Amino acid sequence: MELPIIIYTLVGFSLILIIGIIVSVLRESPSHLESNVNNTDDVTSNAQEKSNTIIHRAIQQAREVLIKAELSGIKEIVRSKHDTGKLELVFEEHLKKLIEESSEHLEKTSYQIENHYISLFQNTEAFVNKQIQDNQQRILNQLDLVTKESEKTISTASEAARLELIRRMDAELNASKKLIQDYQRKRMEVIDREIVEIVAQTVKHTLGKTLSKEDHADLIYQSLERAKQDGFFG
Amino acid sequence: MTNQNESPNSTLLSFVLQHSYTRNGANQVIDLIQRVFEHYLFSGNPSLTSLKKAIIQFSEKNILSKSEKLLIIKLGDLNITIGSSQLYSIIETIQSAIKEYPLLIIYVPSALEADGIYKIGLWARKNLHQNTMLSFIIDPLYCGGCGISWQGKFKDYSYFQNPNNKLFIINELRKYN
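So the sequence lines, in the order shown, correspond to chains L and U. For the first sequence, our numbering begins at 1 and goes up steadily by one. For the second sequence, our numbering begins at 1 and goes up steadily by one.
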């Protein structure tokens with residue numbers, strides 16, 4: 001689209017330049033002619049005529065060039081417009097085709113994406129389900145293991161606790177038995193002492209009435225003999 | 001029966017030892033000897049020309065037990081002569097001698113008869129010391145035996161201090177459970 005305008009512009013500048021050159025030549029010609037006026041009026045008129053002819057021809061040619069240029073520019077514009085339209089058509093066709101292809105591709109891609117996602121979801125679901133099942137199984141296995149270990153630990157601890165309990169109960173029982181036996185023994189000792197005391201008191205009160213003086217003296221005599229045997233007298 | 005060569009002190013001391021086995025008994029004998037000799041020496045009765053006469057009169061004038069009468073009769077048989085100035089010194093000497101003799105203290109639940117004391121006294125003089133004097137202390141705690149104190153030592157030999165006797169009593173009583 002910009003090429004004809006540039007051409008037109010160049011042509012215009014060329015024409016203006018040519019005209020300028022011609023005008024400057026013409027301006028110099030009078031002063032030169034004036035100096036030679038006196039020499040030759042014919043030459044001058046011929047020259048002027050020729051120059052006018054040349055100018056006219058140049059202008060004519062410039063016009064022609066300009067026209068050609070304009071024409072060629074118009075043609076170019078038309079052509080370019082025509083080409084643009086064609087190009088647009090082609091482009092539109094291509095674009096439509098491209099759009100169609102893109103649409104198809106997009107549709108296909110969407111379909112593929114959808115399928116991919118469906119597949120992905122299915123795979124993911126299957127994977128997740130498998131993972132869930134695996135995890136469930138793993139958890140179940142772990143739970144079984146923990147349960148077995150716990151049962152084993154509880155069983156061991158329970159057995160140990162039972163043995164400890166039995167040991168402590170035996171110890172408590174033995175201690176209680178010993179306590180009772182000690183208590184019984186002490187009580188019996190106290191009772192024995194009380195019995196002996198009662199008997200002794202009874203004997204004390206009744207001794208004079210029940211024991212003869214001879215027997216009494218004999219008991220003292222026996223006591224002295226026992227003391228002698230014991231080494232009491234040294 | 002009487003040795004004329006012996007001094008009145010030793011004669012009377014032997015007499016006392018012969019007729020008493022306890023310290024109290026010895027003191028009673030000494031007291032009786034003193035009373036007899038006081039009657040003999042200091043009564044002022046001119047008819048008492050001999051100790052035997054004085055003893056007869058003393059026994060008539062005083063209420064004496066049978067054993068005391070026998071004792072003073074035996075005293076008269078000693079035929080000892082004691083001056084009035086000697087009496088108290090002799091008595092004091094005998095008392096001091098008795099106090100110096102070894103003393104066997106026996107804790108008994110009730111008083112003993114003379115025979116029992118004699119038996120025990122003989123045993124003590126035979127087994128411990130020839131001049132052992134007894135001293136009986138009545139204490140019902142020591143029934144069925146006695147407590148013995150000798151030269152600073154004491155031991156209970158009563159019936160109930162014998163573990164075997166205690167056990168015997170307890171076992172006997174348990175039969176009635």
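To be clear, the hints were calculated from the coordinates, so they are not data collected in a lab. None of the values given here were measured: they were computed from a predicted structure. Misleading hints may appear alongside valid ones.
[Said to hold, decoys possible] A few chain L residues facing chain U, derived, Cβ under 7 Å:
hint	residue
1	Lys178
2	Ala217
3	Ile220
4	Leu224
5	Lys228
Just so it is clear, CB atoms sit at the ideal spot from N, CA and C, and this is done for glycine as well.
Hints, verified against the model:
no., hint, verdict
1, Lys178, "violated, 23 Å"
2, Ala217, "holds, 3 Å"
3, Ile220, "holds, 5 Å"
4, Leu224, "holds, 6 Å"
5, Lys228, "holds, 6 Å"
Consistency note: the structure conflicts with earlier hint 1 alone.
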